[in-house]
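Protein chains: 2
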Amino acid sequence: MKELNQHIASAFDRDLEGIQAKIMKMGGLAEAAIVNAAKSLETRDEELANQVRTGDAAIDALEESLNEEAARVIALRAPTASDLRIVLSVMRMSANLERIGDLSKNMAKRTTVLVQMQPIGGTTQSLRRMARDVELMLKDALDAYIQRDEALALDVIERDRDVDQMYNTLFREFLTFMLEDPRNITACMHLHFIAKNIERMGDHVTSIAEQVVFLTSGRKPDDIRIKDDRTSTDPRLSMEGLDGDEDSED
Amino acid sequence: MKELNQHIASAFDRDLEGIQAKIMKMGGLAEAAIVNAAKSLETRDEELANQVRTGDAAIDALEESLNEEAARVIALRAPTASDLRIVLSVMRMSANLERIGDLSKNMAKRTTVLVQMQPIGGTTQSLRRMARDVELMLKDALDAYIQRDEALALDVIERDRDVDQMYNTLFREFLTFMLEDPRNITACMHLHFIAKNIERMGDHVTSIAEQVVFLTSGRKPDDIRIKDDRTSTDPRLSMEGLDGDEDSED
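Chains as they are written, first to last, in the UniProt record's numbering: chain R, 1 to 250; chain U, 1 to 250.
Honestly, the hints are just simulated from the structure, not real lab data.
Don't take each hint at face value.
[Stated by the list, open to error] Below, in silico cross-link-like pairs of lysine to aspartate or glutamate (DMTMM-like), each with a Cα-Cα straight-line distance of 25 Å or less:
| id | chain 1 | residue 1 | chain 2 | residue 2 |
| --- | --- | --- | --- | --- |
| 1 | U | K220 | R | D60 |
| 2 | U | K196 | R | D164 |
| 3 | U | K39 | U | D140 |
| 4 | R | K220 | U | D164 |
| 5 | U | K196 | R | D60 |
| 6 | U | K196 | R | D203 |
| 7 | R | K220 | U | E64 |
| 8 | R | K196 | U | D15 |
| 9 | R | K220 | U | E69 |
| 10 | U | K139 | U | E17 |
| 11 | R | K25 | R | D149 |
| 12 | R | K220 | U | D60 |
| 13 | R | K220 | R | D164 |
| 14 | U | K220 | R | E64 |
| 15 | R | K196 | U | E173 |
| 16 | R | K25 | R | E173 |
| 17 | R | K25 | R | D203 |
| 18 | R | K139 | R | D60 |
| 19 | U | K220 | R | D155 |
| 20 | R | K196 | U | E68 |
| 21 | U | K25 | U | E68 |
| 22 | R | K196 | U | D203 |
| 23 | R | K139 | R | D155 |
| 24 | U | K220 | R | E68 |
| 25 | U | K196 | R | E173 |
[Unchecked claim] Output of the computed footprint for chain R on chain U, the stretches with three or more beta carbons under 8 Å from beta carbons of chain R:
| id | stretch |
| --- | --- |
| 26 | 74-80 |
| 27 | 83-89 |
| 28 | 151-158 |
This structure is a prediction, so every number in the text was calculated from the model and none was measured.
Quick reminder that beta carbons are idealized off the backbone N, C-alpha and C, glycines included.
Just chain R, with the same shape it has in the complex:
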């Protein structure tokens, strides 16, 4: 009986390895999508932007195949509660990666529109820096998952604050450019959405890191996350109209 259990356990482990390989592949594609979307925006490279747009289908296909695989494993192996938790976490992570792919694709779409307009100051460089930070966070979050490294996952969660801060700074910049010259408004609206997209990618990466923390220590997001959203309730900032966009939807 013990041998049978071991056999079942190792079959599950093999299945899990297959699923994890898919997550890593998705992660690699998502990282590339973030980097290339930001690069195409800064260098006004329409061809690269188009690659990001068409490349998203591969991420979507991986998510679908991963979900099917995960459902098959659950049905076939009837995993224990803790093994089941791993499979469900991986499914959530794949949903986060799929969303990151969508957001990169949306950035690339806006880039193809923006290349036809006047550049707005140095904002595309700032956006690229912000995107690079998120990409590095994603890389670390996936490493943290594979190595079950809680400290690294917590570090990723911490770094998301910097991304939020960069977003706030950019938001103020776009407002200034719009007030300066109304002809900047359309481009700024697109750039603002791109900044918001990158900020949301950071939230998805944070969610992946939170899954890692949950898997390693059982701690839930509420126990970890100390959201500092004073700016959205501070009336002075509210009156200045510089708030309300730094808050995530949480």
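Assemble chain U onto chain R, guided by the hints.
Chain U only, in chain R's frame:
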């Protein structure tokens, strides 16, 4: 053996009923959140906006308890492939409802900022109409789930186009108000995000309806959805800067 199977099946059914009751409760709270967020914006009712903000915790708590329940059922009952598909669908639906709650909360947050500013034309009425449409879509999507009514689910998916259209119209209106008077920019940025939030709620409702179609006929979103996004690639519209925001992140 047959009796044993029947016993197992009915235990699963009982569990599923419990999970479904939770989804319906979540759905009811999400509907109320949409309606009240839009109402508080139009009537400038800060107290109601605060209720929406604090009420979101109940939706989050239901999602968590639903996910735990679902994981418990999968671990305990080892459901068949088709039963497993139902449980996984419900988990996805609960994630959609949780996001709708978050987006409503974000709307309410922005409302508490907007009540301190000059109203922008009749845009809050338009936003409330848009929110009402999404709320009715959600009601129908949940009815379609309970009754396994594919036709109703397809109708919901179809109606999301109208919501996208309303968003496009509002986007143009906000641009006009900003160009007209730069002092409108801050309020319009908030209102624009609110419009985008409602449009994204529509996407989440569509995703719920797609789950229903998948459960009833096995058809996947790609087989159903015919996205009409000509406006984002039509160069004339692009040059006018009136595009790029009507596209979802798909």
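Inset, instruction - Verify the proposed pairing of K220 of chain U with E64 of chain R, using a straight-line Cα cut of 25 Å. - result: With Cα atoms ~10 Å apart, K220 of chain U and E64 of chain R stay inside 25 Å; holds.
Legend entry - Straight-line alpha-carbon gap K139 of chain R to D155 of chain R, limit 25 Å: Roughly 12 Å separates the two Cα atoms, so the pair holds.
Inset, instruction - Mind checking the alpha carbons of K220 of chain R and E64 of chain U for me, to see if they're no more than 25 Å apart? - result: With Cα atoms ~10 Å apart, K220 of chain R and E64 of chain U stay inside 25 Å; holds.
Legend entry - Restraint status (C-alpha distance of K220 of chain U to D155 of chain R at most 25 Å): Distance of about 38 Å is beyond 25 Å: violated.
Inset, instruction - With a cut-off of 25 Å on the C-alpha distance, tell me whether K39 of chain U and D140 of chain U pass. - result: 21 Å, holds
Inset, instruction - Confirm or reject the coverage of the stretch 83-89 of chain U by chain R under the rule of 3 or more residues with a beta carbon closer than 8 Å to the chain's beta carbons. - result: holds (count 3)
Inset, instruction - Take the C-alpha atoms of K25 of chain R and E173 of chain R, compute the straight-line distance between them, and say whether it is at most 25 Å. - result: 36 Å, violated
Legend entry - K220 of chain R paired with D164 of chain R [C-alpha distance capped at 25 Å]: 21 Å, holds
Inset, instruction - Would you check the hint for K25 of chain R and D203 of chain R, treating anything up to 25 Å between C-alpha atoms as holding? - result: 20 Å, holds
Legend entry - Holds or violated: K196 of chain U to D60 of chain R, with C-alpha atoms at most 25 Å apart: 23 Å, holds
Inset, instruction - Assess, step by step, whether the Cα of K220 of chain R is no farther than 25 Å from the Cα of E69 of chain U, and give holds or violated. - result: Given that 25 Å is the threshold and the Cα spacing comes to 16 Å, the pair holds.
Legend entry - Restraint check for K196 of chain U with E173 of chain R, where alpha carbons must lie at most 25 Å apart: 21 Å, holds
Comparing the model with each numbered hint stated earlier shows that hints 4, 8, 16, 19, 20 and 28 do not hold.
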